[in-house]
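Protein sequences appear in the order of chains A and B.
For the first sequence, the residue numbers in the numbering used here are 1 to 455.
For the second sequence, the residue numbers in the numbering used here are 1 to 336.
I should point out that these hints are in silico values taken from the structure, not numbers from a laboratory.
Even for Gly, the Cβ is constructed at its ideal location relative to N, Cα and C.
There's no promise every hint is true.
Stated by the list, open to error - Example chain A residues on the side facing chain B (calculated, C-beta under 8 Å, incomplete): (1) His352; (2) Gln357; (3) Cys358; (4) Arg362; (5) Glu363; (6) Gly366; (7) Gly378; (8) His379.
What the hints assert, rightly or not - Here are the in silico distance ranges between beta carbons for each label pair: (9) A/Glu31 <-> B/Lys243: 55 to 61 Å; (10) A/Gly183 <-> B/Pro68: 37 to 43 Å; (11) A/Glu126 <-> B/Asp287: 57 to 63 Å; (12) B/Gln173 <-> A/Cys203: 19 to 25 Å; (13) B/Gly19 <-> A/Gly304: 50 to 56 Å; (14) A/Lys117 <-> B/Gln45: 27 to 33 Å.
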Amino acid sequence: MGRKLLLEHINVPGINTLEVYRQKGGYRAVEKALKTLTPEEIVEEVKKSGLRGRGGAGFPTGMKWSFLAKPEGVARYLVCNADESEPGTFKDRYLMTYIPHALIEGMIVASFALGAKVSYIYVRGEMMPQIRILERAIAEAKAAGFLGKNILGTGYDLELYVQPGGGAYICGEETALLESLEGKRGNPRIKPPFPAIAGLYGCPTVVNNVESIAAVVPIINDGGDEYAKIGIGRSTGTKLISASGNLVKPGVYEIELGLPVEEFIYSDEYCGGIANGKRLKATVAGGSSVPVLPANLTLKYANGEPRLMSYESLSEGGFATGTMMGSGGFIAFDEDQCMVRNTWNFARFYHHESCGQCSPCREGTGWMEKVLHKIEHGHGKMEDVDLLWDIQRKIEGNTICPLGDAAAWPVASAIRHFRDEFEWHIKEPIKSQQQNYGIANYAVPIEKAPVTEEK
Amino acid sequence: MSEKVKVTIDGITVEVENGTTILNAARQIGGDIVPPAMCYYSKLQGSGGKCRTCIVKVSKGSEKDPRPMPKLVASCRTTVMDGMEVLNITSPEVLEARAGVVEILLINHPLDCPVCDQAGECDLQNLGYEHGLQKTRYEFERRTFERIDIGDKIQLHMNRCILCYRCVFVADQITNKRVHGILNRGDHSEISTYIQQAVENDFSGNVIDVCPVGALTDKTFRFKNRVWFTKPVDAHRNCDHEKCNGKVTLWYKGADVLRVTARKDQFGEVVEFICNTCRFDKKATADWVIEQPTHIDDTSVIASNHYETLKPLHVIQPNQALQDANEIELLKTVKY
Numbered sequence: 001m002g003r004k005l006l007l008e009h010i011n012v013p014g015i016n017t018l019e020v021y022r023q024k025g026g027y028r029a030v031e032k033a034l035k036t037l038t039p040e041e042i043v044e045e046v047k048k049s050g051l052r053g054r055g056g057a058g059f060p061t062g063m064k065w066s067f068l069a070k071p072e073g074v075a076r077y078l079v080c081n082a083d084e085s086e087p088g089t090f091k092d093r094y095l096m097t098y099i100p101h102a103l104i105e106g107m108i109v110a111s112f113a114l115g116a117k118v119s120y121i122y123v124r125g126e127m128m129p130q131i132r133i134l135e136r137a138i139a140e141a142k143a144a145g146f147l148g149k150n151i152l153g154t155g156y157d158l159e160l161y162v163q164p165g166g167g168a169y170i171c172g173e174e175t176a177l178l179e180s181l182e183g184k185r186g187n188p189r190i191k192p193p194f195p196a197i198a199g200l201y202g203c204p205t206v207v208n209n210v211e212s213i214a215a216v217v218p219i220i221n222d223g224g225d226e227y228a229k230i231g232i233g234r235s236t237g238t239k240l241i242s243a244s245g246n247l248v249k250p251g252v253y254e255i256e257l258g259l260p261v262e263e264f265i266y267s268d269e270y271c272g273g274i275a276n277g278k279r280l281k282a283t284v285a286g287g288s289s290v291p292v293l294p295a296n297l298t299l300k301y302a303n304g305e306p307r308l309m310s311y312e313s314l315s316e317g318g319f320a321t322g323t324m325m326g327s328g329g330f331i332a333f334d335e336d337q338c339m340v341r342n343t344w345n346f347a348r349f350y351h352h353e354s355c356g357q358c359s360p361c362r363e364g365t366g367w368m369e370k371v372l373h374k375i376e377h378g379h380g381k382m383e384d385v386d387l388l389w390d391i392q393r394k395i396e397g398n399t400i401c402p403l404g405d406a407a408a409w410p411v412a413s414a415i416r417h418f419r420d421e422f423e424w425h426i427k428e429p430i431k432s433q434q435q436n437y438g439i440a441n442y443a444v445p446i447e448k449a450p451v452t453e454e455k
Numbered sequence: 001m002s003e004k005v006k007v008t009i010d011g012i013t014v015e016v017e018n019g020t021t022i023l024n025a026a027r028q029i030g031g032d033i034v035p036p037a038m039c040y041y042s043k044l045q046g047s048g049g050k051c052r053t054c055i056v057k058v059s060k061g062s063e064k065d066p067r068p069m070p071k072l073v074a075s076c077r078t079t080v081m082d083g084m085e086v087l088n089i090t091s092p093e094v095l096e097a098r099a100g101v102v103e104i105l106l107i108n109h110p111l112d113c114p115v116c117d118q119a120g121e122c123d124l125q126n127l128g129y130e131h132g133l134q135k136t137r138y139e140f141e142r143r144t145f146e147r148i149d150i151g152d153k154i155q156l157h158m159n160r161c162i163l164c165y166r167c168v169f170v171a172d173q174i175t176n177k178r179v180h181g182i183l184n185r186g187d188h189s190e191i192s193t194y195i196q197q198a199v200e201n202d203f204s205g206n207v208i209d210v211c212p213v214g215a216l217t218d219k220t221f222r223f224k225n226r227v228w229f230t231k232p233v234d235a236h237r238n239c240d241h242e243k244c245n246g247k248v249t250l251w252y253k254g255a256d257v258l259r260v261t262a263r264k265d266q267f268g269e270v271v272e273f274i275c276n277t278c279r280f281d282k283k284a285t286a287d288w289v290i291e292q293p294t295h296i297d298d299t300s301v302i303a304s305n306h307y308e309t310l311k312p313l314h315v316i317q318p319n320q321a322l323q324d325a326n327e328i329e330l331l332k333t334v335k336y
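In isolation and in its complexed conformation, chain B is listed as follows (with noise of 0.2 Å):
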């Protein structure tokens, strides 16, 4: 049986497993202090502590050691001591420094979300929104690329691409060729392929998911319509793809499916990864087993239309603070 350790989060404690990450721990409480990640995705190795947009501020170490961390550390790589404490959405130094990251992303991102087939489901909007200044001092030339395809199904605009590497990280893990990357090196790196090449393997969609803004699109569906006009809806079906369990959600407009993606946990993660066959090929609703409506968060832009009882978060164990803090959590969701 593995260790637990206890850390607070913004007043909230919480006991979670020996070398559990703080962003991690502070998802088991869930809410409002769970700090934001563009590049930390759960699902894939080594992602994290690149974007700086979950950093948070270590109060106190450990029972052991309980002297502050001199600097604001990446919550996501960064693992829980016993007793530790961390502030988040308590700290106005984290609040600024995470502004002035928002601030920072946005330099080279430009918040053209009437454009952006990403609208409605980009990470960095709600961060913006979120985190963000109302408006931004850089006032020098953004940096402009072509869009390129790479192969059928795939478009990257490299305008909006925040250079979180989730894409490469798939395309390491998840597929069996890689064949794009980073290339050259501070603001002028970009994600790549080699000399154009196409994307072209069993699970290259996924690089699609995984990408928190609209740098990586998917050409099927690309323009075809806005998320929040569609309704997405879980589905499954017997794929016969060894690493795929043919899970997905569907996102219909009227009778069509527009558009077909892996399904996504609260956190905006892909809970299993999917192939390319149920991804670009299976568009007709005979290709499915319908199981009900997917659950859309009440704060999403995409739950417009979308109408389900609501439900307090998770409680842990019982704890007063935890309580508290859910029910103004909930109070949140309540709609008038």
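Next comes chain A alone, as it looks inside the complex (with noise of 0.2 Å):
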């Protein structure tokens, strides 16, 4: 049984009110900071947890908090990113649907190492359940005397705002989530300078993620060298995975780092297997934006060894036999899944959610989903997979943000490993409408029976 840190508690009915987190521990962590900790031993806590950042980019936390520039007279703010929309991501939604406080408590303590005075939560628009569950919890808070003027008899002033989103997935970026944040279109922002020197308000700023902020609380509970046991490598602590796709059990989990992939998707405690005693075919391990392994590689490096669900594991290889831990939104697809249809409805998804900004993105994301659309519906050329690949490589790496990677990636990934998929929906156009091509064609088929774990 995998130790939890975040969820420990999440069966206990009534844990999303302040009395039972309290109960249950809540908010030693805002008592010893405040009390015991100056901001700079809570910044060398989290740096000793190895913390990375939960978001996506896998940013050591301790480090980007140093980075904050801490002019005389300027305000700084901590700013929470809750605008969780990646496909195949849920995590930060079920953290903040079931355990509010454990994110509000990570505000606390981490605007306070931070030196903010003034911190934000900025949720995703369409995500009004949270909004105002987190908007109570916020109340309940205040009124215990964790937020507001003076928390706790310390002198420390800390008011927290819960801001709704623009409803666009680019406002998950940092710093379109500062503009809209600042009532502008959400338009990502050139870097540098970083948020870290001029972020919201033109003021230094600390953007983390939701299980980020949260997993603060252990590290200063238990301390940054007990997190930093857990896990492996320079991936530590544990980790949410949402899961979803053809999995018996689909559902958001929270993993000690280095855990293997195999012993993930087949055992019972978390994903049970694949639904209906199918063949897995592929996987995305990290949200839509990162690349697409077929079942081999995703069980299994290319030597052999076993894959873990790491940050350095699942990007063992670079992206010719790996892909990324991202934000943990784990995908599974079986054999009856169909890799063309899959990658252009990540490419509409892509194309939908530019922000128009940078012509790459703007004019390529669309060229993508509009060539795939042919393939898929049984129109393609055979030089259209080339074009693709050719279009992908002209969008990553050359756009503003990583939106344009996140489009390019999931091509790059499908065409490089399922190509001869691509290539059946051009030579079999009928066919291909009618049946799906599964995994029986492909050199190396994986079968895998369900792994049953020792009580």
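From the two separate chains plus the hints, produce the assembled complex.
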């Protein structure tokens, strides 16, 4: 049974209320941080923990905090990025819905560490239930003296606001989020300057993911060293994974980093295997923006070693044979799934969500979607596959923000690993409309029996 | 005295003020190594970074940190560091990426130069010739828009807009009332006024000058003539507008002034913005003090029938590589 830090009390009735949350040890981190630690010591603990940003990039959180400029007389801000909207990723919504005080407690500790007097939780506009839940929890925390003036008599003041977002995927990109928070069109800013130097209202700002901020609570409670003992290598601690697709038990799981992918998919503790007794064809390990991997490379490296759920292991081999941990949006595709259709589906999303500011993303995402639509619907030409490859190369790395990369990688990886399926769609336009390509034609078909965990 | 830093672009070293962008450092050298720019406009704050035509490769970050930058960067928004080395026309990667950007820009920009009123003055046309492909591989239907009159002097044709945002920056920074901007997102984005309002303020005509393509055109000149049949002349008048100095270019056909525009520098950027009175209402020679024929680059189609003595490009400091490069540039401009 893997250790749980964030979801330990998820099944306790009323854990979303302050009263029950405190009964289970909630707000100990606030008391400890504000009464016994200095901001620098908190940053040091987070550095020691090895916590990496859980939003997708995986940048060390403590290091990000230490970059924050500290000019005299200038406000500093902490902004929580709760704009979660990547297809396949729904862990932050789960955390905010069921344990809102974990986020609020983390926000207070992190704001204190960063010297922020005003902090924001920027929540995707569509998540109105979560916005209400957070607002209620903030009111509870304020009434109990954890927010507002002179928190717990320590002299520290903090106001925490929930801001509904504009409902655009791009607003999850940190600089677009800041623009949106300032009331402007949610277009990404050109970096540098980075938010740590000039962020919200031109002031030094840290933007952290919901899970990253919530993870600060156990780090302060137990110490950074204890947190770093969990996990593997530079992938420390636990990670929320939102599992979806053709799994027996899709849902949100907290895993210790370093768990074998095979165990995550097939053990009863987690996903319980592939639904309906089907075979695994492919996975997206970290949300729709990361490269898709065929089943064999999902479970093992190219050299046959088992692949683990960690930042390093998932990216082992680069994009040729690896992928990314991303935001932890794990999607499994069974043998009946059409990779062309899935790729087109992802491309539709990124085309729809491009902000339109820079030309390669604005025009290139739409172009990719149209070519994929053509292939999927039996009108493709053989040269379209190379054209798609070329278009994604023109987008990747040439855009203002990472949305261009996010749009390019699923297409590139699908062509890299499933080119024969694309070509089959083109060669057999009628058959491809009537049946799926499956995995029978792959050189290395994968068939895994469910793993029964020893109790 | 501000600090100077050295940057090397395509093997030519130049010393520039700290905080200068790579693009502006290249402009100080001049010639072919100046990256093209469709959205950057030195007179407009915050412009640049969007079209991605000016991307370059930074092969050495600085003397202190010589690591190359992992991705190509927008030269118009990336500032130089001391010892930085930049590859522009000497990098096949950059040229390939730029060709890609051109192809992408041309997806929704029709190559209808024989029809378009910007023919002869279109930056995208030049970019396409210099960096593009012979043909586009895009085979889907292009988006089309009706032409919109935004006021009695300016016409917007979104078919040709490449969303460089320059006109929005002009409206934001030069005029006192912005009534147009970007609507929608992605490839549905468009420049529009709020419910087709007129753009009416003293400096609104400048959106025409900054438009790099034929999306915003001057209705008082539109399709009256081709620019290469006109004769540009520098002129000025005592303008009573507090923000306008009355320095313009008059575009003559015979004895008639067909068009008045702001003067532009060697990079096609307006030197100083002019008011609408000078631009639209003063079309008689008697309104102006004529100075001299406007200098037109020999490489421009507008230069047809305009003869001038050629001069080498300005040399910043004694530098053999730079002088050699300038001589090559000079040779290219010599008429045979």
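Tested hints:
no.: 1; hint: His352; in the structure: holds, 7 Å
no.: 2; hint: Gln357; in the structure: holds, 5 Å
no.: 3; hint: Cys358; in the structure: holds, 5 Å
no.: 4; hint: Arg362; in the structure: holds, 5 Å
no.: 5; hint: Glu363; in the structure: holds, 5 Å
no.: 6; hint: Gly366; in the structure: holds, 4 Å
no.: 7; hint: Gly378; in the structure: violated, 16 Å
no.: 8; hint: His379; in the structure: violated, 11 Å
no.: 9; hint: A/Glu31 <-> B/Lys243: 55 to 61 Å; in the structure: holds, 60 Å
no.: 10; hint: A/Gly183 <-> B/Pro68: 37 to 43 Å; in the structure: holds, 38 Å
no.: 11; hint: A/Glu126 <-> B/Asp287: 57 to 63 Å; in the structure: holds, 58 Å
no.: 12; hint: B/Gln173 <-> A/Cys203: 19 to 25 Å; in the structure: holds, 23 Å
no.: 13; hint: B/Gly19 <-> A/Gly304: 50 to 56 Å; in the structure: holds, 53 Å
no.: 14; hint: A/Lys117 <-> B/Gln45: 27 to 33 Å; in the structure: holds, 30 Å
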